[in-house]
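Chains as they are written, first to last, in UniProt numbering: chain A, 1 to 229; chain B, 1 to 229; chain C, 1 to 229; chain D, 1 to 229.
If you are wondering where the hints come from, they were derived from the structure by calculation, not from laboratory data. C-beta atoms are modelled at their ideal positions from N, C-alpha and C, and glycine is treated no differently. Some clues are possibly wrong.
Which residues of chain B face chain C? A few of them, derived with a C-beta cut under 10 Å, are [stated by the list, open to error]:
| id | residue |
| --- | --- |
| 1 | TRP29 |
| 2 | VAL40 |
| 3 | MET127 |
| 4 | LYS177 |
| 5 | ASP178 |
| 6 | VAL187 |
| 7 | ARG194 |
| 8 | HIS197 |
| 9 | GLN201 |
| 10 | THR205 |
| 11 | VAL206 |
| 12 | ILE208 |
| 13 | ALA209 |
| 14 | TYR220 |
Computed from the model, here is a short list of chain C residues facing chain D with C-beta under 10 Å [stated by the list, open to error]:
| id | residue |
| --- | --- |
| 15 | TRP24 |
| 16 | LEU49 |
| 17 | LEU125 |
| 18 | ALA129 |
| 19 | LYS184 |
| 20 | ARG194 |
| 21 | ARG200 |
| 22 | GLY203 |
| 23 | ILE208 |
| 24 | SER215 |
Number of protein chains: 4
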Amino acid sequence: MSTTDEIERTREVVARLHAELPRWGLVVWTAGNVSQRVVVGSEPGPDDLFVIKPSGVTYDELTPEAMVVCDLDGTLVDGTRAPSSDTAAHAYVYRHLPHVGGVVHTHSTYATAWAARGEPVPCVLTMMADEFGGDVPIGPFALIGDDSIGRGIVETLRDSRSPAVLMRNHGPFTVGKDATAAVKAAVMVEEVARTVHIARQLGDTVPIAQADIDSLYARYQNVYGQDTK
Amino acid sequence: MSTTDEIERTREVVARLHAELPRWGLVVWTAGNVSQRVVVGSEPGPDDLFVIKPSGVTYDELTPEAMVVCDLDGTLVDGTRAPSSDTAAHAYVYRHLPHVGGVVHTHSTYATAWAARGEPVPCVLTMMADEFGGDVPIGPFALIGDDSIGRGIVETLRDSRSPAVLMRNHGPFTVGKDATAAVKAAVMVEEVARTVHIARQLGDTVPIAQADIDSLYARYQNVYGQDTK
Amino acid sequence: MSTTDEIERTREVVARLHAELPRWGLVVWTAGNVSQRVVVGSEPGPDDLFVIKPSGVTYDELTPEAMVVCDLDGTLVDGTRAPSSDTAAHAYVYRHLPHVGGVVHTHSTYATAWAARGEPVPCVLTMMADEFGGDVPIGPFALIGDDSIGRGIVETLRDSRSPAVLMRNHGPFTVGKDATAAVKAAVMVEEVARTVHIARQLGDTVPIAQADIDSLYARYQNVYGQDTK
Amino acid sequence: MSTTDEIERTREVVARLHAELPRWGLVVWTAGNVSQRVVVGSEPGPDDLFVIKPSGVTYDELTPEAMVVCDLDGTLVDGTRAPSSDTAAHAYVYRHLPHVGGVVHTHSTYATAWAARGEPVPCVLTMMADEFGGDVPIGPFALIGDDSIGRGIVETLRDSRSPAVLMRNHGPFTVGKDATAAVKAAVMVEEVARTVHIARQLGDTVPIAQADIDSLYARYQNVYGQDTK
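So that you can see chain A by itself, here it is in the shape it has in the complex (with noise of 0.2 Å):
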């Protein structure tokens, strides 16, 4: 497929997860982005792209068109209207994450709890040994405006299994091989944020072993869904 293609492509992939956030209830108002990277050659690289939403735009005006395409140094490459203010974060990431073909950041209630906090979530539920293999990670306090978010969430991420990273006083980042995964591990660490929390409001969660934490996130990230995740 020519780049071309896979950009309109993405478009509409990006464009029609950007209405997944509020159906799960993750994004108020015009918070919250999703992007996914278009590989360019033939394989990850620093000449690849990503499309993500403008930014201010509320869910109801979210169209193929309307998203705009971005370079690796998240310098607009196509598109009418400014990138999310989010740009330089995601671009970061697709720089020195090739693994990484979506990144999506929300603002969802229990998730930025936690980050405000600056406490990780434990993991006490088999649901998350499944998908994150432990903990959610904190990621340090950052402005907005240079690189410092986008390092935070690689840093973090780099030495955790999870996909999710919460950043400090902000709120969920989440990663994955395309947009589809990185949307779902942001409804998860929501959900998992929201049970853990409730959980713990009554009392002491019972911790599961680390060795039926690794058998259960062997056994997920092998074996489950119909070969895809």
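Let chain A serve as the given structure and place chains B, C and D on it in line with the hints.
Here is chains B, C and D on its own, set in the frame of chain A:
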């Protein structure tokens, strides 16, 4: 009705009931599954089959044709997709509890939160006495992949009036005379888990005397509804 | 209008108002019921009738024709299905409180949570002063099957400005001049139960002086809305 | 555009924006109201008008024609129904804050819960720094019926970057350059009130340094969105 016709009818019922899970907020993404027994012969027995959802398929894709059919060892006998990864647990329940005609599994938030603490939901609501006849019990921690989840469900429910068990660190499994009754139990267990959780957040709940629980349960099981429950 | 016409009109009103209960999140599955008095003669009296939902029927099936008509002893006088299992309580209220034209019962979550602790909802919101004129009171624990629920409702509401009572370990019953007003009270009691619960989770609420509560209540009952409330 | 045309256009805007309140879960039944200033002359002044919802009308009935027009004393100048009972407060704000073009009032749950404790929402989220530039302040307790609510709003907002004030024991009022901006502030104040509430339920939140709050606020107010906010 022939077994073939019964399987077709059951595929429709099971597909339709899966839509109840997101409708009542019990599942996100592809989590959760519903199954119903197909009696082969004059009464429930080891040659029965059951219809269940395939693995890793979203709720928007759930048609009667997509459902799969398994025998009571959990082996796929009809269908083009892999059965749910929880199939072995459903099969174990049907093998060991002949009066059970439907099984449901979810990770509904409040029920799963009690499961993460390993704490039964105490019977402090008249609607719990009606529907559950007492506390909602906790089942053991069990890894997926062999009979341990099914065995934990059966051993816990055998000694209880409750049609719901909260598997530790995992989530609720519910049973009923058919899949509709098991879905109702899945909806109700989340509702009572949520209400009692909220009650307990601000202090102690008032217990209901055992004799009153028994009286409410006996009345409800005998006279409620329009002949069928 | 003839009693027959009035009954037909009331069947439509009561069927339509049942849809408000799931719309506002007050009920799950088949729980909850709405009724409205049909005055027989020139003013409310012992020969009146009321229209109520049948027992154990889902909210998707609630048509005017499905509604049933009872006399003030709770005996079915028109309809093909058994009346709601809460019919005796509704009948008792209509028999003893002639100014009440509508009754609603739900197990809405936050109101039921206060009921499970046996704790009145304190009047710490101006909208509570407006609508309830003070605290929302707790009624006694009562078993279903005789007059004890109805008697508990009437004895509690007689001494209160509140159109809502939280029956202990059970849930809210609300009353009004008609079923619409009782449904509004059911919506509002859940809203204030929820808001005050959340306020109390993080500390003490600020009381409102009794004179201010009285002033807000008097104003609201006299001047709010477009002539009708 | 003539004042008559401007009024017609504003009726449409205000009617449409009321639908945002239930959409985002900010109101139940008939609570909550939105208004927008109509500038009469070359700049905002004492001869301006504003469009607001009538009193006690459900959200399903809100058409442009149902909206009412008042002058800045809160006197009805066009419309067939009584204006909202909160009209005096809206009028006071427009009289005293000429840069305010829109006002919204709700009883949204989490914002009202902070108001019931009389406790400001601390700025511990980057999105709060962006949108509110600091804590969300508490206004005084005030009875309805004279200028005391309006005066409380104006005195509190004059000394704050926040477009939202939580009136004690009552609920949030928000302002903006137009009604759309005030509705956005109403949605965001509930979101941050909810997220910080949930964060605080399990422990202390991490503060954000004042310099970082200032930096985030300055950036967001200057560069976010597509020219308009």
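Status of each hint after checking the structure:
no.: 1; hint: TRP29; result: violated (22 Å)
no.: 2; hint: VAL40; result: violated (30 Å)
no.: 3; hint: MET127; result: holds (6 Å)
no.: 4; hint: LYS177; result: violated (15 Å)
no.: 5; hint: ASP178; result: violated (15 Å)
no.: 6; hint: VAL187; result: holds (5 Å)
no.: 7; hint: ARG194; result: holds (6 Å)
no.: 8; hint: HIS197; result: holds (8 Å)
no.: 9; hint: GLN201; result: holds (6 Å)
no.: 10; hint: THR205; result: holds (5 Å)
no.: 11; hint: VAL206; result: holds (5 Å)
no.: 12; hint: ILE208; result: holds (5 Å)
no.: 13; hint: ALA209; result: holds (9 Å)
no.: 14; hint: TYR220; result: holds (8 Å)
no.: 15; hint: TRP24; result: holds (7 Å)
no.: 16; hint: LEU49; result: violated (28 Å)
no.: 17; hint: LEU125; result: holds (6 Å)
no.: 18; hint: ALA129; result: holds (9 Å)
no.: 19; hint: LYS184; result: holds (6 Å)
no.: 20; hint: ARG194; result: holds (6 Å)
no.: 21; hint: ARG200; result: holds (8 Å)
no.: 22; hint: GLY203; result: holds (5 Å)
no.: 23; hint: ILE208; result: holds (5 Å)
no.: 24; hint: SER215; result: holds (6 Å)
Consistency with the previously given hints fails for numbers 1, 2, 4, 5, 16, ordered from lowest to highest.
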